[in-house]
Amino acid sequence: MDAQLAQYLMNWLVLGSIYTLVALGFSLLFGVLDVIHFSHGDVSIVAPFVVLATVQALISTVLPADSIAALVLACAVAIVAVGLVGVLLDWLVIRRFRNAPAMMALVATVALGTVVRELIRTFYPQGSNPKPFPRLIESSVTFGDLPVPLFSLFVIGVSVLMVAVLFMVMGHTRLGVRIRAVAEDRNIARLMAIRPDRIFAVTFFIASAVGAIGGIFFASYAGVVRFDFGVQLGLIGFSAAVIGGLGSMQGAILGSLLIAGIDTLVQATMADGASYRLVFSFLLVILVLVLKPSGILGKPIMVKV
Amino acid sequence: MMHQPPVIPASSGRGPVADLSIVAAVELGGAVVLGVFLLADDPRIIVALLGLMGAGFALLQFRPAIEERIVAAFRAARRAAMILGAAVVLVYPFLMQGSSYALHLLIIAQLYSVLALALNFQLGSANIPNFATGASYGIGAYTSALLAINFGVSFWLTLPAAALVATFFGFALGFPSMRTRETYLALVTIAFAIVIHQLLNNFSWTGGPNGLVGVPAPVLFGHSFADPIELFGRRLPSQANFYYLSAALVALAIISARRLHDSRIGLAWNALRGDELAARCQGINVVWYKILAFAVDAFLAAFAGSVYASYVSYISPDNFTFLVSVTIMTMVIVGGMDNTLGVILGAFLLTMLPEKLRIFADYRLLFVSVIVILFLILRPQGLFPQRPRSYGGRE
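Order-wise, the sequence lines are chains A and B. Heads up, the first sequence is in our numbering, so the first residue is 30 and it goes up one at a time. Heads up, the second sequence is in our numbering, so the first residue is 102 and it goes up one at a time.
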């Protein structure tokens, strides 16, 4: 196989995996809470900052410099911390819009995203500057005569694993049944002795923690992170979830692969593809929604009297 | 409406003198507060004024009777209220002590009022999400700037041309609304806004990320809008030209908003907001009214864009990002959906707060976002929610 082509395919899968991790959160939250959590991208991008801060704290106190343990530990801390941030934001703000019109929640979470971004910018040391972010794994392996970065395989592997775990949890555990019950009808779920508020908190934790993994991969893939990366990551994750069909996890994966696909394709084939990639990604979004108004795998909107 | 007989609601009934004095007190008081706020440099004064405004809104929140009384007074003395309001707007620049910064803020606030009123047709009247008002604003600004720079077309001709181009795009954007709705439609408009922004950023004929420089100022009867106004021996900075221009635009937007709101179109939009299916069953052409809402929004937004381009004489894609649309949306929701006065107030507040909160330096965006969230939680119906229609009958 052509080395160039293999490279593009790899990029496509890596990008698609990263988008999937973010899109899953949007889809899960919408499915369960009927709420668009527009700050999800910004919450996800908090993770790389937590990683950087934790690594610094660790190597300056207990661990030797450039130890891999510091990075691993920091990632774990960041994933849990961001999950908790999600729960906190829900508790502070988002739960107050449970019964409000959809647009109120949307505008409130957009403002919430600004708050998250500005908090990073003002309280992280020199928060307005881009921060270099390490590749999680530097080495690469060779298949035949193709060098494949281990990092790419790692990103794809972790994403597949996360997707599998999520499907497992949703489909085959008591927690999954509860989440689906609340998504179906929160009042009836309450009659079945399920506390919706607890389920909402758990859902926010899962969505934000999965998003955090996506955020860390995104920063690691780009090699740099800035406080406002969350805007684009959130928009793309949101778009992926919507064109796949909100509330459908398979849809989120499909949407992410589609958007990552057009992104890679444009960059590979057009002369100044890098500057037109967003144009084509979002034209695709419009096209899909015109053809399939409720997303590719979404349930068609039924109007009943 | 001017031609309607004055309504005398039951809650009034303290005579025209009381009504007139309430109207005068509210309008002049509002003007004075705004003026002091604009001219104040001392952070303590600004914070004190903000506290005063907060207290005022709290009063309205906990004593709805006061709000009812004021509304009743405005209804009873409608003509006087309009004349006094127009007079205040006309005299205002003379009271700004020649401060071009205060005038600049007023112009921007007025342009955003127009944008917010434009969006209000959709979001407020018909509850159609649209995150592309910023894009229509940009299309208007770029059309008028390109025509003026490349072909030397007069501002007064570029204004309708820009509106036509933007309306065309508005129609195009409205078409997906035949099939998609709610969140999905919101994403279509977001995607449209991003595509427009990215294209403006990438095309060479739009100047790319550097934008367009040197948009000429309008000329009216030989008077260039770049020159100061000299009137009655008083000299006003050149911004005053654009102040009056944008004030006229706001007036146009208010009149169209009132006329549309009171017409069958406004009723149809409200019916759509209430229940689309029920509206369809009543024989309302749902698709047409949805697309019409997009077109009206784009039309007015393009006017604001043209004025903005000729006012600052320099535009770049970053003036018209997706976040601009979100700001406009926030203005409508904070101000009060489908209430003209509320929407304008929302626009003024959200334009001036970030500017005047410069004392908070780095924290101001944080501060404004927190205020917006608090607002949505504490007063979800907006500053002034929609009032029931009155058709001029005596109660």
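For the record, the hints were derived by calculation from the structure and aren't laboratory data. From the three backbone atoms N, C-alpha and C, an ideal C-beta is built for every residue, glycine too. Worth double-checking, as some hints may not be accurate.
What the hints assert, rightly or not - In silico contact screen, one side only, chain B against chain A (beta carbon under 7 Å); selected entries:
#, residue
1, Gly155
2, Phe269
3, Ala273
4, Val296
5, Met430
6, Val473
Stated by the list, open to error - Which chain B residues face chain A? A few, computed with CB under 7 Å, are given here:
#, residue
7, Pro230
8, Val289
9, Gln299
10, Ile356
Hint-by-hint comparison with the structure:
Taking 7 Å as the C-beta cut-off, the interface hint given for B/Gly155 is violated, the closest approach to chain A being about 18 Å. For B/Phe269, the suggested interface contact is broken, since its CB lies about 17 Å from the closest CB of chain A, more than 7 Å. Look at B/Ala273: its Cβ only gets to about 10 Å from chain A, farther than 7 Å, so that hint breaks. Evaluation of the B/Val296 hint against chain A yields a held restraint, the C-beta minimum of about 5 Å falling below 7 Å.
This hint holds: B/Met430 has a C-beta 6 Å from the nearest C-beta of chain A, less than the 7 Å allowed. Because the closest C-beta pair between B/Val473 and chain A is about 4 Å apart, less than 7 Å, the hint holds. Taking 7 Å as the C-beta contact cut-off toward chain A, the hint placing B/Pro230 at the interface holds, the least distance being around 6 Å. Hint on B/Val289 holds. Least Cβ distance to chain A is approximately 5 Å, under the 7 Å limit.
With a least beta-carbon distance of about 5 Å to chain A, the hint placing B/Gln299 at the interface is held under the 7 Å criterion. Of the supplied interface hints, the one on B/Ile356 is violated, with its beta-carbon coming no nearer than about 26 Å to a beta-carbon of chain A, more than 7 Å.
In this structure, the hints that do not hold are numbers 1, 2, 3 and 10, in rising order.
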